[in-house]
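Each residue of the sequence shown is one higher than the one before, counting from 1 in UniProt numbering.
For the record, the hints were derived by calculation from the structure and aren't laboratory data.
Glycine included, every Cβ here is placed at the ideal spot set by N, Cα and C.
Some hints could be false.
Stated by the list, open to error - If you anchor each label on the Cβ, the simulated ranges turn out as follows: (1) Val-31 <-> Pro-61: 23 to 33 angstroms; (2) Gly-65 <-> Asn-216: 35 to 45 angstroms; (3) Asp-38 <-> Thr-164: 32 to 42 angstroms; (4) Thr-196 <-> Asp-242: 40 to 50 angstroms; (5) Val-31 <-> Ala-217: 24 to 34 angstroms; (6) Ala-104 <-> Ala-42: 15 to 25 angstroms.
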Amino acid sequence: MATALVIENDPTDDLRRLGEWLTEAGLDLSVTRPHAGDALPADLDGYAALVVLGGDQQAYPYADGAPGASWFPAVEGLLRKAVRHRVPTLGVCLGAQLLATAHAGTVERSPSGPEVGPAVVGRRDAAEFDPLFRYVPLIPDVLQWHADEITELPASATLLAASTRYPHQAFRLGDRAWGLQFHIECDTAMIAQWATDSTLLAELGYDPQLVITACNAVMADVEEVWQPFAARFAALALGELDDSGPRPSLPLLGH
Numbered sequence: 001m002a003t004a005l006v007i008e009n010d011p012t013d014d015l016r017r018l019g020e021w022l023t024e025a026g027l028d029l030s031v032t033r034p035h036a037g038d039a040l041p042a043d044l045d046g047y048a049a050l051v052v053l054g055g056d057q058q059a060y061p062y063a064d065g066a067p068g069a070s071w072f073p074a075v076e077g078l079l080r081k082a083v084r085h086r087v088p089t090l091g092v093c094l095g096a097q098l099l100a101t102a103h104a105g106t107v108e109r110s111p112s113g114p115e116v117g118p119a120v121v122g123r124r125d126a127a128e129f130d131p132l133f134r135y136v137p138l139i140p141d142v143l144q145w146h147a148d149e150i151t152e153l154p155a156s157a158t159l160l161a162a163s164t165r166y167p168h169q170a171f172r173l174g175d176r177a178w179g180l181q182f183h184i185e186c187d188t189a190m191i192a193q194w195a196t197d198s199t200l201l202a203e204l205g206y207d208p209q210l211v212i213t214a215c216n217a218v219m220a221d222v223e224e225v226w227q228p229f230a231a232r233f234a235a236l237a238l239g240e241l242d243d244s245g246p247r248p249s250l251p252l253l254g255h
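Required output: the full structure, derived from the provided sequences and hints.
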């Protein structure tokens, strides 16, 4: 069985439903928790995929030059190796931001303010030719929980999804590394944990219970979109992805 290395950056953001979808699709998962003292491997030898999860830290250095977490330089090194060696890679929220910063993209506190709760993003034209995003609906449901933003993508990145306030919602580097600014792994219990004494909700003036209820209402819709996406990612890692079928016939915007 092929094994994916999973880097958990924060104990409150684990694999949850994404882990279930990946294992159901045939991937074995090796979870490393550097926040708890686990050592990161020096390279990705023996791993069929890399998944980097979210967290409360910032992807960019502090004012004194210190990284957002002591292990982030090592994570960025693994992300660069993954792209260089074409190891299927998925970064979620903070993981997507680290994928960007590892390749000279820019992440900073969002001038648009925090984005929290259920939302939709818009698929871009390039998604039509992406092996994972080509089957994602034009306006998929997602869950948002972030205050930082990828303000500049790496020069070689392909933008796959955007929204009005946050233009860089999903992107690809090379042909096998994807970054998602939004969350697809959460269940309602995770959202409820995040909502407890949340500084983001306080900043926005949101009622925590209303946010939990709103997120819970879209869980089935999120799963409908992103479980097949996760299964296709697993198939790519397993060498089983069949992308030879007919392309969708929807017209491209501007053509």
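Going through the hints against the structure:
Between Val-31 and Pro-61, the C-beta spacing of about 26 angstroms keeps the proposed range 23 to 33 angstroms intact. Distance hint for Gly-65 and Asn-216: a CB-CB separation of about 41 angstroms, consistent with the stated range 35 to 45 angstroms. About 39 angstroms separates the C-beta atoms of Asp-38 and Thr-164, a value consistent with the hinted range of 32 to 42 angstroms. Between Thr-196 and Asp-242 the beta carbons are some 43 angstroms apart, a value that agrees with the proposed interval 40 to 50 angstroms.
Separation of Val-31 from Ala-217 is about 29 angstroms and conforms to the stated range, judged on CB atoms against 24 to 34 angstroms. Separation of Ala-104 from Ala-42 is about 22 angstroms and conforms to the stated range, judged on CB atoms against 15 to 25 angstroms.
Hint violations for this structure: none, all hints satisfied.
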